[in-house]
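Chains as they are written, first to last, in our numbering: chain A, 1 to 111; chain B, 1 to 116.
Please keep in mind that the hints were generated in silico from the structure rather than gathered at the bench.
Keep in mind the model is a prediction, meaning the values are calculated, not measured.
Glycine residues also receive a C-beta, built at the ideal position from the N, C-alpha and C atoms.
Treat each hint with caution, since some may be false.
Distance ranges between label pairs, derived from CB positions [said to hold, decoys possible]:
#1 A:S14 to B:A82: 40 to 48 Å
#2 A:Q71 to B:S67: 41 to 49 Å
#3 A:D54 to B:Q17: 46 to 54 Å
#4 B:R44 to A:Q42: 41 to 49 Å
#5 B:M27 to A:G41: 38 to 46 Å
#6 A:D54 to B:A100: 14 to 22 Å
#7 A:I11 to B:T114: 25 to 33 Å
#8 B:A100 to A:Q45: 15 to 23 Å
#9 A:E15 to B:G51: 44 to 52 Å
#10 A:Q45 to B:G40: 15 to 23 Å
#11 A:S14 to B:Q17: 41 to 49 Å
#12 B:R44 to A:E20: 36 to 44 Å
#13 B:S67 to A:A17: 45 to 53 Å
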Amino acid sequence: AQSVTQPDIHITVSEGASLELRCNYSYGATPYLFWYVQSPGQGLQLLLKYFSGDTLVQGIKGFEAEFKRSQSSFNLRKPSVHWSDAAEYFCAVGSDYKLSFGAGTTVTVRA
Amino acid sequence: NAGVTQTPKFQVLKTGQSMTLQCAQDMNHEYMSWYRQDPGMGLRLIHYSVGAGITDQGEVPNGYNVSRSTTEDFPLRLLSAAPSQTSVYFCASSRRQAGAITDTQYFGPGTRLTVL
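Looking at chain B on its own, in the form it has when it is part of the complex (with noise of 0.2 Å):
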C-alpha cells in the first residue's frame, strides 16, 4: 500500500512551459485535492475532485487545469508556467463523505515547483 504518490519530487520550468504534476493513490478514496504551500500562507486548495469525471475549484485556481477520469489519478496541469507559480504542491486523498470534508486527508510528499 503506497499511499498518496507525486511525480516529480522537484521541477525547474520556464516562464510559459507547461507540465504535469502526477498524483495517484491506492487507497480506493473518491475525494482527491491539489493543494499548494508557499511560506507564512499555509496550505491553498487549489482544485478538488469528489469522485471520477467531477472536479471543482478551490481558493486559487487560476492558471491551473485539473481533469479526473480514474479513482486513482488526479493530475495538475499548468496550462503557462509563471513566477508566481513557484510553490510546493501537494495532493491530498480521502474517503468521500456526504456533503462535508470529514475524514482524514492524507498527503502525498510534496513536489518542490521553481518557475524562473
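So that you can see chain A by itself, here it is in the shape it has in the complex (with noise of 0.2 Å):
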C-alpha cells in the first residue's frame, strides 16, 4: 500500500527566508507525486506534480521540488518566502485512480 509521511508538523519561516518542507513516501513502482497548498479556510491547490523525466521539478508560485528515489523523497523549497506563503501544504502519492496524502505541513510566515 501507498503511504506518504511528512515529518514536519508546524514550521516558521521569516519573510525572505528559504524554506524547505520534507515529504517521503512508500510505493512499490514509479510514484506519481504531487504537492498541494491549502490556505485557511479553502480548498488545496496544485503547486507541481512528478511523472516522470527530470527529478528537478518547477511549479507555480516560485515552487520547486526534488524527486529522489534513493532517498524515497519529494521535498518542497522555495528560495525567498513571502507572508502569502502561510498555508498548510501537503505531499501525496497517486496510483491506480487512488490519491494518498500525508498528514500536512503548516507553515507560518514572520515578518
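Since each chain sits alone in its own frame, please combine them into the complex, following the hints.
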C-alpha cells in the first residue's frame, strides 16, 4: 500500500528566508507525486507534480521540488518566502485511481 | 466556468440523521472523488468514480454511499450520521488518465459537517 510521511507538523520561517518541506513516500512502483497547498478555509490547489523525467520539477508561485528515488523523497523548496505563502502544504502519492495524502505541514511566516 | 462546487458549506446533524452532500463540476471531468479532512490526518479518500455509472471505495468508505448518474454530479450520502463523521469534506475532479491518477485534481471549497 502507498503512504506518505511529512515529518514536520509546523514550520515557522521569516519572510525572505528559504523554505524546505520534507516528504517521504512508500510505493512499490514508479510513483506519481504531488504537492498541494491549502490556504485557511479554502480547498486545495496544485503546486507541482512529478511523473517521470527531470527529477527537479518547477511549480507555481516560485516553488520547486526534487524527486530522489534513492531516498524515497520529494521535498518542496522555495528560495524566498512571502507572507502569502503562509498555508498548509500536503504531499501526495498517486497510484491507479487513488491519491494518498500526508498529514500536512503548516507554514507560518513571520515578518 | 464555476469549477467544482459543493453544497452546503456548513451543516449540523444529529446522530442517526441522514443527509446528502452535493458536488458538481462543469469541466466535463470523468474522474471525481470525495475526501474527508481531519486534523493531523491529511485528506483520506472515501469514494471515487471514473465515469458515470462507475464508483469504487477508497480508504474510509464505511458509513458513506455514492452514485454517479451523470458526468457532472457526484453526491455523497451519509446513511446514519455518527459523531465520528464530524469532518470537513472535499470533492475533487480531474480528467481521467488510463489506469492512473496522473492529472491535476481540482478541489471544491469544502463542506464543514458537525454531527452532535
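Determine which of the earlier numbered hints do not hold for this structure and return their numbers in increasing order.
4, 5, 12
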